[in-house]
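**Q** Following the hints, put chains R and Z in place on chain B, whose structure we already have.
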Amino acid sequence: MNKIVLTAERITKKFPGVIALSDVSFTIKAGEVHALMGENGAGKSTLMKVLSGIYYADGGTIHHQGDLVKFTSPKEARERGILLIHQELSLSPELSVAENIFLGAWPTNRFGVLNKKLMNQQASAALESLGCDFGADMRVGSLSIAKQQMVEIARTMAFNANVVIFDEPTGTLTEAEKNQLFAVIRGLRERGVAIVYISHKMDEIFEITDQITVLRDGCVQGTVYTRESSIGEITKKMIGRDLDKYFHRAQSEIGREILKVVNLAKNGLFSDINFSVRAGEVVGLYGLIGAGRSEVAETIFGVRQCDSGQVTFDGELVSFKSPKDAIQQGMTLVPEDRKEQGLILGMGGRHNITLPHLERFSTMGVTGIKAELEVFDEFKEKLDIKTTGPEQLVADLSGGNQQKFVLAKWLCAGPKLLILDEPTRGIDVGSKSSIHQYIAQLAEQGLAVIVISSEMPEVIGVSQRILTMANGRLVGEFSGAQMTEENLINAASGLAKVC
Amino acid sequence: MSLLQDKQKYIQSHGLIIAFVIFILSVSFLSPEFLTLGNILDVIRQISITGMIAIGVTFVVITGRLDLSVGSMLTFLTVLIVDQHNIVGPGIALIFTVIAGLLIGAVNGYLVGFLKLNALIVTLAMLSLLQGFTLLYSGGSNVNVTNPDETWFRIFGRGELFNVPAPVWILLITTSIASFVLLKTNFGRRIYSVGGNETASFFSGVQTRWVVLSAYVLSGLATALAAIIMGSRVMGAQNTIGQGYELTVLAGIILGGTSLLGGSGTIWRTMIGIAMLGFVQNGLLLMGFPYYIQWLVTWAVIILAVWIDLAAKRGSVFA
Amino acid sequence: MSRLVSLLGLGRNIESDKSARNIGAIRRIFKLLASNYIWIFLALCIVAFSVSSPYFFTVNNLSNVLTQGSFIGLLAVGMTIVMINGEIDLSVGSTLALACALAIGLQESIGIWPAIVVALFSGVLMGLINGLFVALSGMHSFIVTLGSLIGIRGLVFIYTGEEALMTEDFSYTEIVEIYIGPLSLTALIFFVFAALFQWLLSNTKHGREAYAIGDNQKSAHEAGIRVKRHKVINFVLCGTLAAVAGVLLSMRMGTAEPNAGKIWELWTIIAIVLGGTRLIGGFGSMWKTVGGVLTLAVLLNGLRLLNTPNYIELIVMGSVLILALLLDKSLSSKNQH
Numbered sequence: 000m001n002k003i004v005l006t007a008e009r010i011t012k013k014f015p016g017v018i019a020l021s022d023v024s025f026t027i028k029a030g031e032v033h034a035l036m037g038e039n040g041a042g043k044s045t046l047m048k049v050l051s052g053i054y055y056a057d058g059g060t061i062h063h064q065g066d067l068v069k070f071t072s073p074k075e076a077r078e079r080g081i082l083l084i085h086q087e088l089s090l091s092p093e094l095s096v097a098e099n100i101f102l103g104a105w106p107t108n109r110f111g112v113l114n115k116k117l118m119n120q121q122a123s124a125a126l127e128s129l130g131c132d133f134g135a136d137m138r139v140g141s142l143s144i145a146k147q148q149m150v151e152i153a154r155t156m157a158f159n160a161n162v163v164i165f166d167e168p169t170g171t172l173t174e175a176e177k178n179q180l181f182a183v184i185r186g187l188r189e190r191g192v193a194i195v196y197i198s199h200k201m202d203e204i205f206e207i208t209d210q211i212t213v214l215r216d217g218c219v220q221g222t223v224y225t226r227e228s229s230i231g232e233i234t235k236k237m238i239g240r241d242l243d244k245y246f247h248r249a250q251s252e253i254g255r256e257i258l259k260v261v262n263l264a265k266n267g268l269f270s271d272i273n274f275s276v277r278a279g280e281v282v283g284l285y286g287l288i289g290a291g292r293s294e295v296a297e298t299i300f301g302v303r304q305c306d307s308g309q310v311t312f313d314g315e316l317v318s319f320k321s322p323k324d325a326i327q328q329g330m331t332l333v334p335e336d337r338k339e340q341g342l343i344l345g346m347g348g349r350h351n352i353t354l355p356h357l358e359r360f361s362t363m364g365v366t367g368i369k370a371e372l373e374v375f376d377e378f379k380e381k382l383d384i385k386t387t388g389p390e391q392l393v394a395d396l397s398g399g400n401q402q403k404f405v406l407a408k409w410l411c412a413g414p415k416l417l418i419l420d421e422p423t424r425g426i427d428v429g430s431k432s433s434i435h436q437y438i439a440q441l442a443e444q445g446l447a448v449i450v451i452s453s454e455m456p457e458v459i460g461v462s463q464r465i466l467t468m469a470n471g472r473l474v475g476e477f478s479g480a481q482m483t484e485e486n487l488i489n490a491a492s493g494l495a496k497v498c
Numbered sequence: 000m001s002l003l004q005d006k007q008k009y010i011q012s013h014g015l016i017i018a019f020v021i022f023i024l025s026v027s028f029l030s031p032e033f034l035t036l037g038n039i040l041d042v043i044r045q046i047s048i049t050g051m052i053a054i055g056v057t058f059v060v061i062t063g064r065l066d067l068s069v070g071s072m073l074t075f076l077t078v079l080i081v082d083q084h085n086i087v088g089p090g091i092a093l094i095f096t097v098i099a100g101l102l103i104g105a106v107n108g109y110l111v112g113f114l115k116l117n118a119l120i121v122t123l124a125m126l127s128l129l130q131g132f133t134l135l136y137s138g139g140s141n142v143n144v145t146n147p148d149e150t151w152f153r154i155f156g157r158g159e160l161f162n163v164p165a166p167v168w169i170l171l172i173t174t175s176i177a178s179f180v181l182l183k184t185n186f187g188r189r190i191y192s193v194g195g196n197e198t199a200s201f202f203s204g205v206q207t208r209w210v211v212l213s214a215y216v217l218s219g220l221a222t223a224l225a226a227i228i229m230g231s232r233v234m235g236a237q238n239t240i241g242q243g244y245e246l247t248v249l250a251g252i253i254l255g256g257t258s259l260l261g262g263s264g265t266i267w268r269t270m271i272g273i274a275m276l277g278f279v280q281n282g283l284l285l286m287g288f289p290y291y292i293q294w295l296v297t298w299a300v301i302i303l304a305v306w307i308d309l310a311a312k313r314g315s316v317f318a
Numbered sequence: 000m001s002r003l004v005s006l007l008g009l010g011r012n013i014e015s016d017k018s019a020r021n022i023g024a025i026r027r028i029f030k031l032l033a034s035n036y037i038w039i040f041l042a043l044c045i046v047a048f049s050v051s052s053p054y055f056f057t058v059n060n061l062s063n064v065l066t067q068g069s070f071i072g073l074l075a076v077g078m079t080i081v082m083i084n085g086e087i088d089l090s091v092g093s094t095l096a097l098a099c100a101l102a103i104g105l106q107e108s109i110g111i112w113p114a115i116v117v118a119l120f121s122g123v124l125m126g127l128i129n130g131l132f133v134a135l136s137g138m139h140s141f142i143v144t145l146g147s148l149i150g151i152r153g154l155v156f157i158y159t160g161e162e163a164l165m166t167e168d169f170s171y172t173e174i175v176e177i178y179i180g181p182l183s184l185t186a187l188i189f190f191v192f193a194a195l196f197q198w199l200l201s202n203t204k205h206g207r208e209a210y211a212i213g214d215n216q217k218s219a220h221e222a223g224i225r226v227k228r229h230k231v232i233n234f235v236l237c238g239t240l241a242a243v244a245g246v247l248l249s250m251r252m253g254t255a256e257p258n259a260g261k262i263w264e265l266w267t268i269i270a271i272v273l274g275g276t277r278l279i280g281g282f283g284s285m286w287k288t289v290g291g292v293l294t295l296a297v298l299l300n301g302l303r304l305l306n307t308p309n310y311i312e313l314i315v316m317g318s319v320l321i322l323a324l325l326l327d328k329s330l331s332s333k334n335q336h
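Chains as they are written, first to last, in numbering that gives the first Met the number 0: chain B, 0 to 498; chain R, 0 to 318; chain Z, 0 to 336.
It is worth saying that the hints were derived from the structure and are not from the lab. Among the clues, some could well be false.
Said to hold, decoys possible - Pairwise CB distance ranges (calculated):
{"id": "1", "chain 1": "R", "residue 1": "Ala310", "chain 2": "B", "residue 2": "Thr387", "range": "22 to 28 Å"}
{"id": "2", "chain 1": "R", "residue 1": "Lys183", "chain 2": "B", "residue 2": "Asp22", "range": "49 to 55 Å"}
{"id": "3", "chain 1": "B", "residue 1": "Lys338", "chain 2": "R", "residue 2": "Val20", "range": "47 to 53 Å"}
{"id": "4", "chain 1": "R", "residue 1": "Ser315", "chain 2": "B", "residue 2": "Gly111", "range": "27 to 33 Å"}
{"id": "5", "chain 1": "R", "residue 1": "Ala310", "chain 2": "Z", "residue 2": "Val191", "range": "20 to 26 Å"}
{"id": "6", "chain 1": "B", "residue 1": "Gly388", "chain 2": "R", "residue 2": "Asn146", "range": "46 to 52 Å"}
{"id": "7", "chain 1": "R", "residue 1": "Val20", "chain 2": "B", "residue 2": "Asp22", "range": "47 to 53 Å"}
{"id": "8", "chain 1": "Z", "residue 1": "Lys328", "chain 2": "R", "residue 2": "Gly243", "range": "51 to 57 Å"}
{"id": "9", "chain 1": "B", "residue 1": "Ala394", "chain 2": "R", "residue 2": "Val87", "range": "42 to 48 Å"}
{"id": "10", "chain 1": "R", "residue 1": "Gly139", "chain 2": "Z", "residue 2": "Ile109", "range": "39 to 45 Å"}
{"id": "11", "chain 1": "B", "residue 1": "Gly111", "chain 2": "R", "residue 2": "Phe28", "range": "52 to 58 Å"}
{"id": "12", "chain 1": "R", "residue 1": "Phe288", "chain 2": "Z", "residue 2": "Glu162", "range": "14 to 20 Å"}
{"id": "13", "chain 1": "R", "residue 1": "Val87", "chain 2": "Z", "residue 2": "Leu278", "range": "40 to 46 Å"}
What the hints assert, rightly or not - Quick list of in silico lysine-lysine cross-link-like pairs, DSS-like style, CA-CA up to 27 Å:
{"id": "14", "chain 1": "B", "residue 1": "Lys146", "chain 2": "B", "residue 2": "Lys200"}
{"id": "15", "chain 1": "B", "residue 1": "Lys369", "chain 2": "R", "residue 2": "Lys183"}
{"id": "16", "chain 1": "Z", "residue 1": "Lys217", "chain 2": "B", "residue 2": "Lys338"}
{"id": "17", "chain 1": "Z", "residue 1": "Lys217", "chain 2": "B", "residue 2": "Lys115"}
{"id": "18", "chain 1": "B", "residue 1": "Lys146", "chain 2": "Z", "residue 2": "Lys261"}
{"id": "19", "chain 1": "R", "residue 1": "Lys115", "chain 2": "B", "residue 2": "Lys338"}
{"id": "20", "chain 1": "B", "residue 1": "Lys259", "chain 2": "B", "residue 2": "Lys320"}
{"id": "21", "chain 1": "Z", "residue 1": "Lys217", "chain 2": "Z", "residue 2": "Lys328"}
{"id": "22", "chain 1": "B", "residue 1": "Lys235", "chain 2": "B", "residue 2": "Lys13"}
{"id": "23", "chain 1": "B", "residue 1": "Lys415", "chain 2": "B", "residue 2": "Lys369"}
By construction, the Cβ of each residue, glycine as well, lies at the ideal position given by its N, Cα and C atoms.
Pulled out of the complex, with its shape left as it was, chain B reads as follows:
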């Protein structure tokens, strides 16, 4: 029986307007890889930030190696051997590998002069034990992403960590790099380190972990042994009911061809992209992060320019120089990152909705506020958006309501094609469901829809046809009964034959 290293009991964490964690209890044992699963916004990252001292919990206790601990900074957590490997690497490119490994704990003499020799020696030892082939004195900015991740992991060796938390570590790694990472994780496990592994990639979870804890809406849904569980069971725990009852697939009549893409290519990002979408059709585009899905969508929409290939939109050959051209023709894109690309957070809902179509709401360049308010009211009701009024800043709304505003912004001009890039990332289950329902409704009204997602249940649940992408190419097309998680995973990780 393995020793318990860390116990969290009844952890509660509130943010303005949201309870991110409520009464969460969680136990990690030495020499075990413990998966933490849940949809975006379920509270995984918040929990890990509480455990590693970045956030301070509003309630509950944490015991580490038998002692009651109250971390007020990540430094304190690190000093006890608890380390978080961030999803976005937090390295300083201008500093050396060794300096990054020991960031915040550099060995110095009493005048503050660095002992580089000692630091490089210790860092080299840590890197060597991970099997890394680069020097400790190299500038981190000159390393590849995978190597930079190794620098982060080397911290666990250097600080002699006993709890290591990986937050979505494989997002930007290639298959070979992922295997190398898993070898490192197994090595850590053998040395008796307790590992928390956060991911929503089922294949990885079932490959590397020993136990799985599922979170939903800030509550623990249960902990199971990986070898005794199944993808179906975990999925059900994550979304709270069976898949087929959860999603709404459009029952629409397929009409004329709206979008046709032929041999679209962009150097270094994607090539040989061929597909078409018809009116009334919901087409899923599945692939891992970095497969080139968003890039394809952005190129069609005019955010980037393609190097070669043709795009036909509603029977016309088009080449959009900027999103403005695309919007004028009736194409819309709900972008991947709501806060960075989707909304002007410092503006009210009314301003956000009409931004792409100001000309429609104005006479001689003067904005018609009355017309704007009408549209605002219409969509507030249609999408059931919870907001105090047209001027309430969208920054103050929940993720779900924000996303509804993004949708409203694109729908109020009556587009022909709607591209949704990760339409439900980071929003609550209720909003998610109503957005899915709305997508189906739109398709039934004759809109052509493309749904890009890395959440497999979502793609399968809403699409009538699914295209999969891997390494910048389309590698599979599935419809009807072929749309299974297994097929999609195989295709997206490059195992299936090209269709």
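**A** Just chains R and Z now, with coordinates in the frame of chain B:
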């Protein structure tokens, strides 16, 4: 709870006016001359040039950028209009000046908006370039209007209507127009959206590069108008006449509560900021303080105003 | 310099695969030159002026260039470390003027050396005020130091009574008339500070933290670095160096103009950016800054020797600055791909 929030919101958005009114009242208590119509008009006339430029720069700041070249631009354009006045006459000189202002703004806007270069450095370089061009143009000597008492050009700086000086009228009219453009038109909406979130604006079909360029063009236009008032009032120009204006203008805008990060701010807030600086200066002089005390007070006012604004937004005094 | 050493180190073990290593080395040299392009530009300027003016490449003139450049240089050394932090200090010109005025104005009442000490201390104090405002209020340093640029200049005007102060004791101006070879004391002080600060940046905890904070303040804070304290220290260093420059200027001129150092903060920023340090923070070095400062000084001096009218230097400076930005942009976008 909600009442308290409302109160807090009210103080947040109107705190500037409250502070301004308190200041005016306390100074007028100490100096009876202060709150006379004559003195108020005098102050507004004095701030008309700074105010004019600030209107243009406010557009630039709302897009999240800076324009440090306006001081040198003012010098250059004033020298240009005064000199050209003697050569081609006031009408054509006016047109030259406005075109030159628009062009300089367009160059700034192109470098910042299209080539995406750092706005601070670009406009700093423009500051240096324009100083050079001024000296190149004037040959280092001062220029003067030869017939200051006869030319109709005098109305911009020295004219009066209903006992109110012309610069005050010009400032009022320009402020109203600029306010209208910023708050009521599609263009104004896009200025805010670019400052609020440039990427999202681009994804929403806003031609962000053109919006940035137009903001700089407006800044150039406003400076040209300021140069017209300046030239008409002074009827001459030295090679340093506009030095330091870029900083005063920026101080006024910051004081008005416009964030340098972009996306917020209004013309009338900028005007209050500029007016505060003007009235502080005037009030201190009336109370008999030495001239340069006002600079110290400006320092304190900037720090206090911005700090209070930040503290109210985050709900705590210290970061 | 440190990179040069590692490059030489690489040159020593070319044994194994000579041709591949050579290509690597050439590429490295190219990269090194590309990232320190300011020194190439400086060399080109020196060559060009040497050819076009017989007076340029003389010991006397070069010594003069170094001395003249040292004032902006000292401001730039302090500002560089603030900029690596991702902050800016616009008040250096005013702080310089304040120290200059105090050093001369206090001589009569308290003596030369105590006056110098008070002048230097005024720089420490102004830096401390800036730093504390930035750290405590959370305001951007651009706003904070814009305020102090105006306010400190006001102090100078009030203190000097709006007139130039003059030293009574002419031995005061002789203090800086010490030369080591062609190097004046002023230039020597500049170089010593530049070297000291480069050593600070590359070898001490404080210096390395500057990069970590400038690159990503949040993760630096999470790693346990005391960001606020660090920033305050940097503003103090910057203010102190501005005061050093002010005292040296007072010795050189024998007078303290209330307008001394006006818009020098802008020239300082120009020198630093010309050198290649970036305004966004996390990137830069004293070598780049020294390169930028010397280039600026050489350009100004060379253009004057050629008897070009003074507007040429302003126009050249503006153009060079924009070119430097364009070059930096194209270099950094190439590195990304």
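**Q** Using the C-beta atoms of Lys338 (chain B) and Val20 (chain R), is the stated range 47 to 53 Å upheld?
**A** violated (38 Å)
**Q** Could you tell me whether the CB distance from Lys328 (chain Z) to Gly243 (chain R) stays inside 51 to 57 Å?
**A** violated (30 Å)
**Q** Given the hinted pair Lys259 (chain B) and Lys320 (chain B), is their Cα-Cα distance within 27 Å?
**A** holds (18 Å)
**Q** Sort out whether Lys338 (chain B) lies within 27 Å of Lys115 (chain R), counting only the CA atoms.
**A** holds (22 Å)
**Q** Using the Cβ atoms, figure out if Val87 (chain R) sits within 40 to 46 Å of Leu278 (chain Z).
**A** For Leu278 (chain Z) against Val87 (chain R), whose Cβ atoms are near 42 Å apart, the range 40 to 46 Å holds.
**Q** Are Ala394 (chain B) and Val87 (chain R) spaced within 42 to 48 Å by their CB atoms?
**A** Violated: the Cβ-Cβ distance is about 53 Å, outside 42 to 48 Å.
**Q** Return holds or violated for the Cβ distance of Gly388 (chain B) and Asn146 (chain R) against the range 46 to 52 Å.
**A** Check failed, 60 Å falls outside 46 to 52 Å.
**Q** Are Lys217 (chain Z) and Lys115 (chain B) close enough, with their CA atoms no more than 27 Å apart?
**A** Roughly 24 Å separates the two Cα atoms, so the pair holds.
**Q** May I ask you to test the hint 52 to 58 Å on the CB atoms belonging to Gly111 (chain B) and Phe28 (chain R)?
**A** holds (54 Å)
**Q** With 27 to 33 Å as the target window, see if Ser315 (chain R) and Gly111 (chain B) comply at their CB atoms.
**A** Holds: the Cβ-Cβ distance is about 31 Å, inside 27 to 33 Å.
**Q** Starting from the hint 49 to 55 Å, judge whether the C-beta atoms of Lys183 (chain R) and Asp22 (chain B) obey it.
**A** holds (51 Å)
**Q** Can you tell me whether the CB distance of Phe288 (chain R) to Glu162 (chain Z) sits inside 14 to 20 Å?
**A** Taking Cβ atoms as reference, Phe288 (chain R) and Glu162 (chain Z) lie about 18 Å apart, which means the hint holds.
Consistency with the previously given hints fails for numbers 3, 5, 6, 8, 9, 18, ordered from lowest to highest.
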